[in-house]
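Q: Read off the chains here:
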Amino acid sequence: MAYDKPLPNPDENTQPFFDGLKDHKLLLQYFPSADHYQYPYSDRCYKDWSTDWEWRESAGNGEVYTWVRMHQLYHPSWKAEIPYTLAVVQLDEGPRMQTNLVNVPVEDIHVGLRVKVVFEDVTDEYTLPKFEPA
Amino acid sequence: MSDPIRGQTAICGLGITEMGKVYGHDASWFAGESIRLAVEDAGLDKDDIDGLLVNPGITGMMGTGISIPLQGYLGLRNLRLLNHMNSFGATASAMVQYAAMAVHHGMANYVACIFSDAPLQQGGSAGAAYGGAGRRGPSGMASLMPAFGFYGANTSYALAARRYMERYGITNNDLGRVSVTQRRYAVDNPHATMRQPLTLEDYHNSRWIVEPFHLLDCCLVSNGAVCTIVTTAERARDLKSSPAYLWGMGQGHPGNFPHAEVEVGTTSGATIAGETAYKMAGVGPEDVDICEFYDCYTYTVLRTIEDYGLAKPGEAIGLYPEDPADPEAELPTINTGGGQLSSYYMWGMTPISEGVIQARGSGGDRQIEKNDVVLCSGNGGTLDTHGTLILSPNAN
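Going down the list, the protein sequences come from chains A and B.
In the working numbering, each residue carries its 1-based index in the first sequence increased by 2.
In the working numbering, each residue carries its 1-based index in the second sequence increased by 37.
Honestly, I wouldn't trust all of these hints.
[What the hints assert, rightly or not] To list a few chain B residues with every Cβ distance to chain A over 10 Å, as calculated:
id	residue
1	P175
2	A179
3	L181
4	G189
5	N191
6	R200
7	R204
8	Q233
9	R244
10	E248
11	P291
12	A297
13	E298
[To be verified] With beta-carbon atoms standing in for the labels, derived distance ranges:
id	chain 1	residue 1	chain 2	residue 2	range
14	A	K7	B	E77	26 to 32 Å
15	A	N15	B	A297	22 to 28 Å
16	B	N433	A	D13	46 to 52 Å
17	A	A82	B	G321	22 to 28 Å
18	B	H241	A	D6	53 to 59 Å
19	B	G206	A	V124	33 to 39 Å
20	A	I84	B	N433	33 to 39 Å
21	B	D360	A	D13	40 to 46 Å
22	B	G206	A	P34	52 to 58 Å
23	B	G206	A	L75	28 to 34 Å
24	A	D37	B	N433	52 to 58 Å
25	A	N15	B	D225	41 to 47 Å
26	A	Y48	B	E77	46 to 52 Å
By construction, these hints were calculated from the structure, which means they are not laboratory data.
Idealized CB from N, CA, C, for every residue including glycine.
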């Protein structure tokens, strides 16, 4: 069956990030002057207001900062998944990102669980960065 | 040392419209009802109102909320102060604060602060108003949210709650104790939407929304409006209704920084806002008689209690009885009208409106006897913004 869940909608600024996902790379913005990784995208470092930055590949390692099980249906395409697991992952580089946890039984999920990124090619065009136990 | 503004200003009028599933009216209409009721409550005339501060709720984001044109709709022709304000759930506190400073310094005499919202439509679900699923999809990295299945404020707060619960060993039954406690107060609140008594069993049987939140962990969505009129203590003394004097005010806005350097969702701005307000009022946590806390979720109440120094981290639940449905159980004097969970969801005006009622001693069957210091909180974003008011029936 065709993938019918909401798909990413890159804009000009974030296209390289989504292209990176397609190549199975998790890219983060790195601002050298503050030695700071930032996510999600911003054109300015919130630490020192620098606008000088580059994309750097994350090692994709981190831990579960927090997690929930979604039972409420907001979009019909999620009907078969409910309840599904949503998580915030603390990347070792510093930023936290919202994501899904996969390949883990619910009873094993807890704050602090070490995880690593796994790339899910949901369509020919788009790939989502999800996380599984390290 | 308290601040010279302590007790120099007051809320002199309160207007609470019919609340909840009240259909057929827009946010302006509710705003009109609330100011009419507040002016009548204060014993003022329409033309006395010379300040207007407005805060739309979710309808402000849907394009149908109240804003500056409300002045024309209400025919307020004597305004010396006017603004549309937004720091989300902290706005109501902030409106009262700026109004108090303005009247104290003679910029205006009677400032009407209005929150109004009308997101509920006949036949539509409450969640639809706040879930955001019906809105145009986001672009850029924000588009990952629906792609991962993240929707609505329920999710953000459930994420914060989970981290808190795992850290301190707080259970769903504990959250249920907050929910059931507040419902007991709502039973005695004629303004409240949900007045059927609840048990812990009812709580556990209510459906999951975003685990760890059951339906009964989440606030209502309401149509309605609340207006408070702020004036000087001197003017307030001679008016029709008892004033709720403003002893302390404060704000604290930690924001939301998704980075390891900043703990998010498990701390609120109450720590900073509370410290400022306590200092202005010349009181401390040990002096607080009644709390009216922004309670978008049960978790928010526990977090807020601790951030105001009323319990140690992880120990707020100790203020609640094991079984609050037990008629013998002594309830904490927190959210004494049922709060947003059980009475009505008027963002930051829910706690302030009940705070004024308690400070006036007009709470009827739910009135708390000792009401000298009433602590009210406003909270917005996912614990990103915060406002504090300390009210009292006494000027000094």
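Q: Need the list of violated hint numbers for this structure, in ascending order.
A: 1, 2, 3, 4, 5, 6, 7, 9, 10, 12, 13, 14, 16, 17, 18, 20, 21, 22, 25
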